[in-house]
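Trainee: Next come the chains, spelled out residue by residue.
4 protein chains.
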Amino acid sequence: MTTFFRVIALFCVGALLAMTTANPTRVVFFGDSITQAGVNPGGYIDRLKSLLPANQYELIGAGIGGNKIYDLYLRMDDDVLAKKPDVVVVWVGVNDVWHKASSGTGTDADKFVRFYEAVVKKLQAANARVVLCTPAAIGEKTDMSNQQDGDLNQYSQLIRDIAKKNNLPLVDLRKAFLDYNLKHNPDNKEKGILTTDRVHLNEAGNQFVAEQMQKVLATLK
Amino acid sequence: MTTFFRVIALFCVGALLAMTTANPTRVVFFGDSITQAGVNPGGYIDRLKSLLPANQYELIGAGIGGNKIYDLYLRMDDDVLAKKPDVVVVWVGVNDVWHKASSGTGTDADKFVRFYEAVVKKLQAANARVVLCTPAAIGEKTDMSNQQDGDLNQYSQLIRDIAKKNNLPLVDLRKAFLDYNLKHNPDNKEKGILTTDRVHLNEAGNQFVAEQMQKVLATLK
Amino acid sequence: MTTFFRVIALFCVGALLAMTTANPTRVVFFGDSITQAGVNPGGYIDRLKSLLPANQYELIGAGIGGNKIYDLYLRMDDDVLAKKPDVVVVWVGVNDVWHKASSGTGTDADKFVRFYEAVVKKLQAANARVVLCTPAAIGEKTDMSNQQDGDLNQYSQLIRDIAKKNNLPLVDLRKAFLDYNLKHNPDNKEKGILTTDRVHLNEAGNQFVAEQMQKVLATLK
Amino acid sequence: MTTFFRVIALFCVGALLAMTTANPTRVVFFGDSITQAGVNPGGYIDRLKSLLPANQYELIGAGIGGNKIYDLYLRMDDDVLAKKPDVVVVWVGVNDVWHKASSGTGTDADKFVRFYEAVVKKLQAANARVVLCTPAAIGEKTDMSNQQDGDLNQYSQLIRDIAKKNNLPLVDLRKAFLDYNLKHNPDNKEKGILTTDRVHLNEAGNQFVAEQMQKVLATLK
Chain A
96 MTTFFRVIAL FCVGALLAMT TANPTRVVFF GDSITQAGVN PGGYIDRLKS
146 LLPANQYELI GAGIGGNKIY DLYLRMDDDV LAKKPDVVVV WVGVNDVWHK
196 ASSGTGTDAD KFVRFYEAVV KKLQAANARV VLCTPAAIGE KTDMSNQQDG
246 DLNQYSQLIR DIAKKNNLPL VDLRKAFLDY NLKHNPDNKE KGILTTDRVH
296 LNEAGNQFVA EQMQKVLATL K
Chain B
96 MTTFFRVIAL FCVGALLAMT TANPTRVVFF GDSITQAGVN PGGYIDRLKS
146 LLPANQYELI GAGIGGNKIY DLYLRMDDDV LAKKPDVVVV WVGVNDVWHK
196 ASSGTGTDAD KFVRFYEAVV KKLQAANARV VLCTPAAIGE KTDMSNQQDG
246 DLNQYSQLIR DIAKKNNLPL VDLRKAFLDY NLKHNPDNKE KGILTTDRVH
296 LNEAGNQFVA EQMQKVLATL K
Chain C
96 MTTFFRVIAL FCVGALLAMT TANPTRVVFF GDSITQAGVN PGGYIDRLKS
146 LLPANQYELI GAGIGGNKIY DLYLRMDDDV LAKKPDVVVV WVGVNDVWHK
196 ASSGTGTDAD KFVRFYEAVV KKLQAANARV VLCTPAAIGE KTDMSNQQDG
246 DLNQYSQLIR DIAKKNNLPL VDLRKAFLDY NLKHNPDNKE KGILTTDRVH
296 LNEAGNQFVA EQMQKVLATL K
Chain D
96 MTTFFRVIAL FCVGALLAMT TANPTRVVFF GDSITQAGVN PGGYIDRLKS
146 LLPANQYELI GAGIGGNKIY DLYLRMDDDV LAKKPDVVVV WVGVNDVWHK
196 ASSGTGTDAD KFVRFYEAVV KKLQAANARV VLCTPAAIGE KTDMSNQQDG
246 DLNQYSQLIR DIAKKNNLPL VDLRKAFLDY NLKHNPDNKE KGILTTDRVH
296 LNEAGNQFVA EQMQKVLATL K
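Protein chains in written order, with the numbering used here: chain A, 96 to 316; chain B, 96 to 316; chain C, 96 to 316; chain D, 96 to 316.
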């Protein structure tokens, strides 16, 4: 009989494990070129896997280069909702600001908020938990003399306000990157600390972002 | 008795006619500052009333200054669909192009099409007949040397393509304004022919647009 | 004889006074719309007169709205050198940055330096003492979230570098305005502290700038 | 004696030939990236050599990528006047227009004229014959729907006006490219007819420009 119960017990444990592995938390990272590169070997999503408990998470990249908030809005049905995510990490904003200078097609601040809130609302309606991120950097100089610093600070604040208003977890990468650079960028360089080219993540940057993402996912348990 | 029924029959016909006049065709003009001004005395919507058969149309202005195609998208529920229109005349595009230069927040051509088609689709889903218009002008010079001529020609073509693809009536104001100026603007002036300031309609412009709108509404009967 | 020498002495004193009043230090303020408004009653140049010793300075405004550094370069012969100034206060930069967003015709950072140095060189060749100023503000928010803060910080640093390299006195209005706002703008307002409209000076702003100018002129004696 | 005179005559002819070869017409092509590439094998300057009479011309390229009219102004002493040219062909304008959209640092139309005229004046003061060119294209579509067509048409007209006012030879490449495309670009393609990428010359484009340049140089004899 003892043996019998042991077998039963083992069976139950096995079943629980099976259920766990069968239903990991599905996380979609929804963003721009930074996230598109995040799924590559060494990218932040790739690195995040090794920082998370085995078999408990399924990480999906949904980043497309050049995307602004309304690009996310336009493609969210196909690229995010169709995947029935448990958690969606929205990381966008660099192009909304950058395209003002590079092609004249950036996003007005008030429209940025309107579309951002529409994205959040629609994700929540699909029962996804939503995590917001601020845009990290266009240039790593610490004296606020990167051309887009003013706008990045403004749009980051808009995202912080949306997070607060909707009681959503926030990964404040804008603040985190600046704090990191204040410590590790004494020469006020514009790139090479966490980015390769002022925007996209180098090895340290990918590791840094992976760690920030790991922390926020831990709070969602 | 026969006479009695005849009287009854005539009465019924009269009542039906009365019902017809009680339910004029409701037309919403959906656009930017040009349309916002169109409801003013002497504006194109105001002038259009006198060009249309009495009691058969209800004309509603839904123009807001500075609007781009995605502004229309964001506010169409409240400002258009809530009014249960029979016909919606969409006239937008000047700001999608102009804001590239004036604030860095114009609309990418591909996104212009995406949002434009989304607006059309949603209006049709609400059983409204949709009329498209091309953006008329930012400057009236006829030698194609107005700064935004290239973009206006491109975005107008995008609208023509959407009209054709969806078999929708089109008021090609871009072409109509150019044709008018080729006849009436021999000195290649940038304003003062149909506009006061290169964009907004003067008296002749309001009358001209009213006539174009009258023609297209006549075809919808 | 005593009377004779008294007369001579009085004559000499009179002559000296006459020379003094006949040769006040001629200061030209060379800049944009802020300086154009500076000569108005209550403007910073007007206020500066009452802060300076009587009869020792002649203050001339040479500001034109919308001017960028290369506008100054193009008109310096007529508007500044022709007036044979002893001192030229160059205050420019807001439009070099602002026009990037408002009309797509801002000034590249490297070209800003090239023309700025050309202006300085030409003024010095005409034996004028040159005073440099940093552009004060486009928005008074203190959290570096005014859209042009990044560029204003960068271009201000370029001017500081030119001042240092050429050993020229500098009125660091960018820094002074920020310091003032950090004390007097606790609500992070974008205007109304030293400016009326984020750029142009209100009463307090004109007084503040006049005081800064008074200080630098005092050091040139 | 006859022989003696024959020898003298031959000597004189030889001397004249020597003088000719010793003093070819020195032509500097002063411009942007299109001209920078023009000196490469197969580039328009390289091709022009074979179109010109042997030994009568020295062709010098002075093109730098990204240059606008005021870049030419700033570097003309070192890069053009120092070479004591007989003829200077000025070909600029694409970046003055293009940088409005690509970096917010295009050139205002009135400033374009100011600097252009300053370049012409300074070249003429150095006894160089000056040839003007209009900017050819940013996109080869023939229906005037290339984004910068409006501005390119305007700035080309400004150059035509300067040429006319100063009685200078003009190579109207804007018009020539459009005429060529109207014949050879029936599908309204944006590139591939005379350009590789809407701006820079392909093989046909380099040959076409070389021929235009050959024609204008022939008129200067």
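Worth flagging that the hints you see were computed from the coordinates, not collected in a lab. Computed from a predicted structure; not experimentally measured. Please note that the accuracy of each hint is not assured.
One copy or any two copies: either way a pair holds, since identical chains are not told apart in the list.
[Unchecked claim] Restricting the straight-line Cα-Cα distance to at most 27 Å, the calculated cross-link-like pairs of lysine-lysine (DSS-like) are: (1) Lys310 / Lys206; (2) Lys278 / Lys217; (3) Lys260 / Lys286; (4) Lys259 / Lys286; (5) Lys284 / Lys206.
Trainee: None of the hints should be skipped; say for each whether it holds.
Mentor: Consistency of the hints with the structure:
{"no.": "1", "hint": "Lys310 / Lys206", "in the structure": "neither (30 Å within a copy, 35 Å between copies)"}
{"no.": "2", "hint": "Lys278 / Lys217", "in the structure": "neither (39 Å within a copy, 43 Å between copies)"}
{"no.": "3", "hint": "Lys260 / Lys286", "in the structure": "between (33 Å within a copy, 26 Å between copies)"}
{"no.": "4", "hint": "Lys259 / Lys286", "in the structure": "between (31 Å within a copy, 26 Å between copies)"}
{"no.": "5", "hint": "Lys284 / Lys206", "in the structure": "between (32 Å within a copy, 21 Å between copies)"}
Violated hints, listed in ascending order, are 1, 2; each of the other numbered hints is respected by the structure.
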